[in-house]
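**Q** The chain contents come next:
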Amino acid sequence: MGHRKKNRNVGIVGIGETKFSSHREDVNQPEMINEAVRDALNDAGLSIDDVECVVHGNMELFEMIHQPDLWHTLGTGAYGKDAYRLTTGGTTGGTLVAAADNLVASGMYDVVLAIGFEKLQEGHTTGGITNMADPLWARKLQSGALTDSAAVKVIAEFGEERAKRAAMTYRIIMDKHACLNPNSHRAFGLDWDQMDDLIKNSPPLIGNLRLIHMCSQSDGACAMIFASEEKAKSITDKPVWVRDHICIHREETLNLCNNYYPNQTTHKFAAEKLYERNGITDPVEYFDVFEMYDPSAWWGMDWIRDFFLLKDDEHIKLIENKDIMIDGKIPINPSGGVIAANPIGATAMVRVAEAAKQIRGNAGPHQIPRQVNHALASSFGGTMWTILFMLEKELNW
Amino acid sequence: MKKEKDFDINNCYTISGKLALPYTYFAGRTGSTFITHIRDNKKIMGVRCNHCNKVFIPPRQTCEKCLSMISDNWVELENQGEILNYTVVRYDDNHLPRKAPFILAMIKLGKADTPVIHIVEGISINDVKEGLKVKAVFAEKTTNTILDIDHFEPV
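So the protein lines, in turn, are chains A and H. Numbering follows our numbering, with no gaps: position 192 of the first sequence is 192. Numbering follows our numbering, with no gaps: position 43 of the second sequence is 43.
In short, the hints are calculated from the structure, not lab data. Just so you know, even glycine gets a beta-carbon here, dropped at the ideal spot from N, CA and C. Treat the hints with care, as some may be off.
Unchecked claim - Derived pair list, reagent style DSS-like, types lysine-lysine, alpha-carbon separation capped at 27 Å:
1. H:54 - A:81
2. A:153 - A:81
3. H:54 - H:18
4. H:65 - A:19
5. A:231 - H:65
6. A:273 - A:329
7. H:54 - H:99
8. A:81 - H:65
9. A:268 - A:5
10. A:153 - A:231
11. H:54 - A:140
Said to hold, decoys possible - Computed far set for chain A versus chain H, every beta-carbon distance over 10 Å:
12. 22
13. 45
14. 106
15. 121
16. 198
17. 203
18. 211
To be verified - What follows is a list of derived Cβ distance ranges for each label pair:
19. A:139 - H:142: 35 to 41 Å
20. A:364 - H:69: 55 to 61 Å
21. H:142 - A:230: 42 to 48 Å
22. A:136 - H:91: 28 to 34 Å
23. H:24 - A:278: 41 to 47 Å
24. A:206 - H:95: 44 to 50 Å
So here's chain A without its partners, still in its complex pose (with noise of 0.2 Å):
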């Protein structure tokens, strides 16, 4: 791979977050990315003057509109400055902080401002994602973003008891977080006690996927300012570095109408890889939080096997410990993740946003109880894409 060590030293300085909700009738589309603008120019002590460029970007359609970063101009502030608008399906929000990063390690800007953003409720996702199948093989048949793909393997591997027990559990870990999570869209109160109920009586979707498995549709934006060094030094006294990404996708899978399923995911071949330049061995050992774009609970469970690179069933060992919870070993997604909020073109983006204010140790009432210095956070989209974020508190790598 063509990877070189970055040009320098990139930090996160400004982070802003909606409150995500299914509604947000009281505010168009560029005001409501305002108040995300806004909240990471006050908690960076910037003001829009000091944004040297703006990255904006959502899922393409979702809303019904064409060309949203010239429209949302008022709120997003891109007046009078460079700007780019990238939309890479789920990826997108990781897709913004991976051109962010990039922009300002190249030397070309020092300070960038990075927005996603979704107003869901306002369009018609399933029409907007249909558009992504080949109408002659694959339009009339698919069954749009829903899939149990994921619960097909693992109860392969475990058996129906452990596996459903394990994705129930996960699911409810998740929750139980959201519900820390002031922003969450999502938190129901699950408890353990619910755990059969919920297996056997959660509305089928698809498969063995059912409703309290899948994330939600939601509304509200997220906004990161991403700065060099020495400008980030200035800034403010915590910075959080980003010490690498890494960007893996495999497209071509979809074109071959899902026959040819990859032994070896994307997720896995990023985690490999992205370890390996960083001299990461032992990753649960080395991270103190994993934000994990998890788009249900089944495909979350499954792929912390992949981006731990652990063997066997560490994984499902990992989850019935309950060691993933706030106050366990490896903390996974003290959000709530995606499960909790999905406006799809923020959500990978509050991902590395959620892992950075950890790191800070400002998240709020989902601030993990000890100290954070190290820091995953994943990207998921298209049929097979990954974006894996490092977070150092530190700058000692």
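Mind docking chain H on chain A? Use the hints.
**A** Then chain H, alone, in the frame of chain A:
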């Protein structure tokens, strides 16, 4: 390079489809206030940025230049102004509000610093010119959109 007529299209077919992309646009409080003033009071409202000393129409929550919150600074504009620039739409299509030919103009209303785009009627496409004074004609039936101003016509 191959010319179009050289491609062999025997036994190749096309699939005609239609994507349903329904939407519900949430206008927000500022946009909603603008429309209800036109609909209920026949008044066209702008907002002022006190920092940049500019009155904007359409109104917006934030100033495009300094990003200040300005949505509370309502200014009642005059219902008439002058044509800054115009064009003549000379083709017909479903999305267009009138049968061609018709005039679309940028109109700077009294007390506003930015123009608003709208339809101009009551004057021949050969006679319309920059600087022409026009006034708003309000729609009889509301659609809760900018078309609650039906069109502009010469004063």
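**Q** Indicate, hint by hint, whether the structure satisfies it.
**A** So, going through the hints one by one against the coordinates:
Our distance criterion of 27 Å between C-alpha atoms is met by residue 54 of chain H and residue 81 of chain A, whose separation comes to about 20 Å. For the hint linking residue 153 of chain A to residue 81 of chain A, the alpha-carbon distance of about 48 Å lies beyond 27 Å, and the restraint is violated. A hinted pair counts as satisfied when its Cα atoms are at most 27 Å apart, and residue 54 of chain H with residue 18 of chain H does not qualify at roughly 44 Å. A C-alpha spacing of about 26 Å is found between residue 65 of chain H and residue 19 of chain A, which places the hinted pair at or below 27 Å, so the restraint holds.
Our distance criterion of 27 Å between C-alpha atoms is met by residue 231 of chain A and residue 65 of chain H, whose separation comes to about 24 Å. Proposed proximity of residue 273 of chain A and residue 329 of chain A is supported: the alpha carbons are some 24 Å apart, at most 27 Å. In summary, the hint linking residue 54 of chain H to residue 99 of chain H is not supported, as the alpha carbons are separated by about 35 Å, beyond the 27 Å threshold. In summary, the hint linking residue 81 of chain A to residue 65 of chain H is supported, as the alpha carbons are separated by about 11 Å, within the 27 Å threshold.
About 21 Å separates the Cα atoms of residue 268 of chain A and residue 5 of chain A, which keeps this hinted pair within 27 Å; it holds. Simply put, residue 153 of chain A and residue 231 of chain A have alpha-carbon atoms about 47 Å apart, too far for the 27 Å limit, and the pair is violated. This hinted pair does not check out: residue 54 of chain H and residue 140 of chain A have alpha carbons roughly 52 Å apart, beyond 27 Å. Every beta carbon of chain H lies more than 10 Å from that of residue 22 of chain A, the smallest distance being close to 12 Å; the non-interface claim holds.
Listed as a non-interface residue, residue 45 of chain A keeps its Cβ farther than 10 Å from every Cβ of chain H; the least gap is roughly 15 Å. Here residue 106 of chain A stays apart from chain H, with its beta-carbon at least about 26 Å from theirs, past the 10 Å limit. Some Cβ of chain H comes within 10 Å of the Cβ of residue 121 of chain A; the nearest lies about 7 Å off, and the non-interface call is violated. At roughly 32 Å from the closest C-beta of chain H, the C-beta of residue 198 of chain A stays outside 10 Å, upholding its exclusion from the interface.
No Cβ of chain H comes within 10 Å of the Cβ of residue 203 of chain A; the nearest lies about 24 Å off, and the non-interface call holds. Separation of residue 211 of chain A from chain H is adequate, the least Cβ-Cβ distance of about 23 Å exceeding the 10 Å criterion. Separated by about 39 Å at the C-beta atoms, residue 139 of chain A and residue 142 of chain H satisfy the suggested range of 35 to 41 Å. Restraint check, residue 364 of chain A to residue 69 of chain H: a C-beta distance of roughly 25 Å breaks the suggested window 55 to 61 Å.
The hint said 42 to 48 Å for the Cβ distance between residue 142 of chain H and residue 230 of chain A, and at roughly 56 Å that hint is violated. At about 33 Å, the CB distance of residue 136 of chain A to residue 91 of chain H agrees with the hint of 28 to 34 Å. In this structure, residue 24 of chain H and residue 278 of chain A meet the distance hint of 41 to 47 Å, their C-beta atoms being roughly 46 Å apart. Between residue 206 of chain A and residue 95 of chain H the beta carbons are some 37 Å apart, a value that contradicts the proposed interval 44 to 50 Å.
Violation of the numbered hints given earlier is confined to hints 2, 3, 7, 10, 11, 15, 20, 21 and 24; the remaining hints are satisfied by the structure.
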